[in-house]
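Novice: Chains as they are written, first to last, in this note's numbering: chain A, 1 to 315; chain B, 316 to 656.
Wrong hints could be hidden among the right ones.
Residues of chain A clear of chain B, computed beta-carbon distances all greater than 10 angstroms [to be verified]:
no., residue
1, Ile112
2, Ile122
3, Val164
4, Ala180
5, Ala261
Computed Cβ-Cβ distance ranges for the label pairs, DEER-style [said to hold, decoys possible]:
no., chain 1, residue 1, chain 2, residue 2, range
6, B, Thr652, A, Phe18, 19 to 29 angstroms
7, B, Ala467, A, Ser56, 34 to 44 angstroms
8, A, Ala25, B, Pro576, 43 to 53 angstroms
9, B, Asp578, A, Ser56, 20 to 30 angstroms
10, A, Glu264, B, Lys357, 31 to 41 angstroms
11, A, Ser56, B, Gly429, 53 to 63 angstroms
Hints in this document: simulated from the structure, not taken from any laboratory.
We treat Cβ as the ideally placed atom computed from N, Cα and C, and that holds for glycine.
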Amino acid sequence: MFKGRELGFRLGTGAVAFCIVLIVAAIGWELVRQSQLSIAKFGLGFWVHDIWDPVSGEFGARPFIWGTLYSSVLALLLAGPIALGIAIFLSELCPASLRTPLTFLTELLAAIPSIVYGLWGIYVLVPIVRSLESSLPESLKMVPLFSGPPVGVGMLAAVLILAVMVIPFTASVAREVLKAVPMSQREGAYALGATKWEAIQAALYYARTGIIGAVMLGFGRALGETMAVTMVIGNTPKISLSLLAPQYTMAAVLANEFSEAADELYLDALIEVGLVLFIITLTVNVASRMLIWKMNRPAVKRKPVRVATPVGEAA
Amino acid sequence: MRACQRVFATLAGLALLVSGIGAQTIQINGAGATFPNPIYSKWFSEYNKANPKVQINYQPIGSGGGIRQLSNQTVFFGATDGPMTPEQMQQAPGKVLHLPTVLGAVVPIYNLQGAGELKFNGQVLADIYLGKITKWNDAAIAKLNAGAKLPATDITVVHRAEASGTSYIWVDFLAKVSPEWLKKAGVATSVNWPVGLGGKGNEGVSGLVQQTPGSIGYVELIYAIQNKISYGSVQNADGEFVRATVQSVTAAAGAAVKNMPKDFRVSITNAPGKGVYPISSFTWLLLYENPKDKAQSKVMVDFVKWALTDGQKFAPDLGYAPLPAEVVKLEMAVLGTIKVS
Numbered sequence: 001m002f003k004g005r006e007l008g009f010r011l012g013t014g015a016v017a018f019c020i021v022l023i024v025a026a027i028g029w030e031l032v033r034q035s036q037l038s039i040a041k042f043g044l045g046f047w048v049h050d051i052w053d054p055v056s057g058e059f060g061a062r063p064f065i066w067g068t069l070y071s072s073v074l075a076l077l078l079a080g081p082i083a084l085g086i087a088i089f090l091s092e093l094c095p096a097s098l099r100t101p102l103t104f105l106t107e108l109l110a111a112i113p114s115i116v117y118g119l120w121g122i123y124v125l126v127p128i129v130r131s132l133e134s135s136l137p138e139s140l141k142m143v144p145l146f147s148g149p150p151v152g153v154g155m156l157a158a159v160l161i162l163a164v165m166v167i168p169f170t171a172s173v174a175r176e177v178l179k180a181v182p183m184s185q186r187e188g189a190y191a192l193g194a195t196k197w198e199a200i201q202a203a204l205y206y207a208r209t210g211i212i213g214a215v216m217l218g219f220g221r222a223l224g225e226t227m228a229v230t231m232v233i234g235n236t237p238k239i240s241l242s243l244l245a246p247q248y249t250m251a252a253v254l255a256n257e258f259s260e261a262a263d264e265l266y267l268d269a270l271i272e273v274g275l276v277l278f279i280i281t282l283t284v285n286v287a288s289r290m291l292i293w294k295m296n297r298p299a300v301k302r303k304p305v306r307v308a309t310p311v312g313e314a315a
Numbered sequence: 316m317r318a319c320q321r322v323f324a325t326l327a328g329l330a331l332l333v334s335g336i337g338a339q340t341i342q343i344n345g346a347g348a349t350f351p352n353p354i355y356s357k358w359f360s361e362y363n364k365a366n367p368k369v370q371i372n373y374q375p376i377g378s379g380g381g382i383r384q385l386s387n388q389t390v391f392f393g394a395t396d397g398p399m400t401p402e403q404m405q406q407a408p409g410k411v412l413h414l415p416t417v418l419g420a421v422v423p424i425y426n427l428q429g430a431g432e433l434k435f436n437g438q439v440l441a442d443i444y445l446g447k448i449t450k451w452n453d454a455a456i457a458k459l460n461a462g463a464k465l466p467a468t469d470i471t472v473v474h475r476a477e478a479s480g481t482s483y484i485w486v487d488f489l490a491k492v493s494p495e496w497l498k499k500a501g502v503a504t505s506v507n508w509p510v511g512l513g514g515k516g517n518e519g520v521s522g523l524v525q526q527t528p529g530s531i532g533y534v535e536l537i538y539a540i541q542n543k544i545s546y547g548s549v550q551n552a553d554g555e556f557v558r559a560t561v562q563s564v565t566a567a568a569g570a571a572v573k574n575m576p577k578d579f580r581v582s583i584t585n586a587p588g589k590g591v592y593p594i595s596s597f598t599w600l601l602l603y604e605n606p607k608d609k610a611q612s613k614v615m616v617d618f619v620k621w622a623l624t625d626g627q628k629f630a631p632d633l634g635y636a637p638l639p640a641e642v643v644k645l646e647m648a649v650l651g652t653i654k655v656s
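So here's chain B without its partners, still in its complex pose:
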């Protein structure tokens, strides 16, 4: 009986070994933010073309879900639009590294007949979203837009109904410029909105804004570009009014390089510097520093290195801003610390 078992175990071990050697593909699973899903999908398919043995699967289930699954170790990597909180870092079974992959931006959109392109600053946006500015011809808006035709209509505020990274970036900016916003609503993927309607997804928000005269909302830059929605410019920390473009968003990251913390968990909204668009943000990949599966780890590190260098050229076409070279250099050093054997 025992001999029989031993033979069986040996055979099973052999089978495992053989299948390990002969394995044609190595599969890695990840989950997280929906916002970078288009570029991640592009990367995974391009990388698979160049390295047919590597297959990376990504489920865009939301940043919160990604963090949860990473902590439960049901996926190898996560992805998020807002950095993990210190409590979340503590709950994870190992040290989690944040690696910025690309940048995105959020832009204000509005529906105001004949007003042309409007200028906003953080204070005005915060006061509108706090319900303190309720009319379009409010003195604060008029002061920024000398000469624009501003009617005395009510402002209808539109925000995202569901929790989302887009909202996180938007309220993160509002909280930085308005202490009152920080106190009353705070910063999270979903907050207790003081006023306004909730639209579901970018399409829900832009749909509501386009249909409702006198409304204001916010969407991702990619979404505004792809759907040719005109959007306003926003005053940055240096006092310039900047329109969101791939260049002005990358500039925001460049400005943050000097004060970049070692773990990259940094908000770059309202970043200082010339030509910087203030409502910009990184989106991060989440990896364990010392993962269980070293074979997957090695492949993943190679992939991230590729994504940060060759992969960046796919970003602008999809509406994302590529990382500045300085950030990539810092990340390469961090990638070197991930255990691969």
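This is chain A alone, in the form it adopts within the complex:
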């Protein structure tokens, strides 16, 4: 009887887990099925074509792919170090009386709806970005990264708002991961005469896969963020390196154009944009998984953390 219950439990949880796989497969299948017209007409060219013209029925997703990846990567570069700093401070250095309110506040940031971020972006962030952009020295404007008229909305505003939105996610997961590092790791480091910074380094090394997971979680969130980004990015499907240029993302074009897309090809092209986003998100997640596996496996070759040599000990 016990065996039967055990079996049932295994099967039950297994079925639930299998459901996840099924759902992902069903989403992929449905996206492919619904975008047949567009896939048949544009093929792989859809990924590299630059024109998005609903009137003449010409669709290419490259500006959206570029905008999505560019904004997410930049947001991650900006948010990653800050989030890590927050996590380290909260788990290792923060006085106990400050810890609870600060943790609460970081997690509160994650709970704000993205439309609120978007409105804040339009009315507060964009004017600040605009004045910042107008005060750029002329010499800097020659650099492709800062070329173009200072209109406020555009890549920079989107990156800043994405960074603010990603920070709480990455920071709270990274903090949890650091909290899970056994005390013995730090104590061991101290026992060898490590300074506080070195002990933290040891803890960070121990937690590295979890921290990468936290960063990838933030990246996933940035890739799919829709409302706040569409409100500040300028919604112009043109590829540009410039932070000042208005651009577009995949999630934003879906949100903007789906409701009014009446003709079949247009609708199919939009669904294919969804498919592309699905593939990219999946790839990013698989890649980060692989990275974590790779880091975990060669545990033997672990590079030891350098610890200050205690005074007086002969080398």
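Following the hints, complete the assembly by docking chain B onto the known chain A.
Specialist: Below, chain B alone, put in the same frame as chain A:
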């Protein structure tokens, strides 16, 4: 066994019959354009007060979505800001009728310190949106606005980011006055904009325009009135510069009556006539001529008749222009052709 089934079927049939007789409310579902949503909601709630048995639900999901759901017959009626294309009409499983309900207008807004109220014409607006006019002190703008203080600043063009009926009306006007616009961008709820920034919704466009010195954009008249945004006047086909008001928008429909096609699928942008505001448009309800559900059909026809007559008085307060009496008369005749039994 069989007898048992028969009894069951009879009982079920009886139950259906009884519930049919006893039904307190008849529910009708519709979906479509967001632009007329405020007045439609008002109408449905007012009509429900007068006829408690009738409950009409409307989902403002966008014109395209409304047309799609009507074609799939998941809703009883649709609503759109741009008439259905011939292909869309063909794809629908039955003949679809377009019934204008009210009128709306789109106005140009701009942010130019100390310039006062500016005058535009279609050619200038089209050239600005094509990226051919890039400075505010361009000779073409200066010619229309003698005496206005026009700086040599760059023009920042703002358009709607998402596909919308507002954009449709705006580009429909640009295409009528500028062959180049028709060729390069065309007419649709969402086009490949030659230049400019996309703002999300009326609030996104007006927000960008109000914040960006030297910018120009367009919003619905209702939105400009409710938010006290000043807007420019536009030259009509007769050469007058007209500001958008409820009267000048209704005048645009009145001017179109003479050439009104039988199916009402008509664009009234750049309409001829005195005092006509040129960037005006109907918004339409979409109904099947021969719907499946005749009970719903009868109720819906009664409702539309009410909306076109008594209902029109709610329009001006909400910023819509009421239909001219001639159009209502033509529509009443068409309503008579809808099958209700």
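Novice: Mind listing which of the numbered hints don't hold for this structure, in increasing order?
Specialist: The structure breaks hints 2, 5, 6, 11; every other hint is satisfied.
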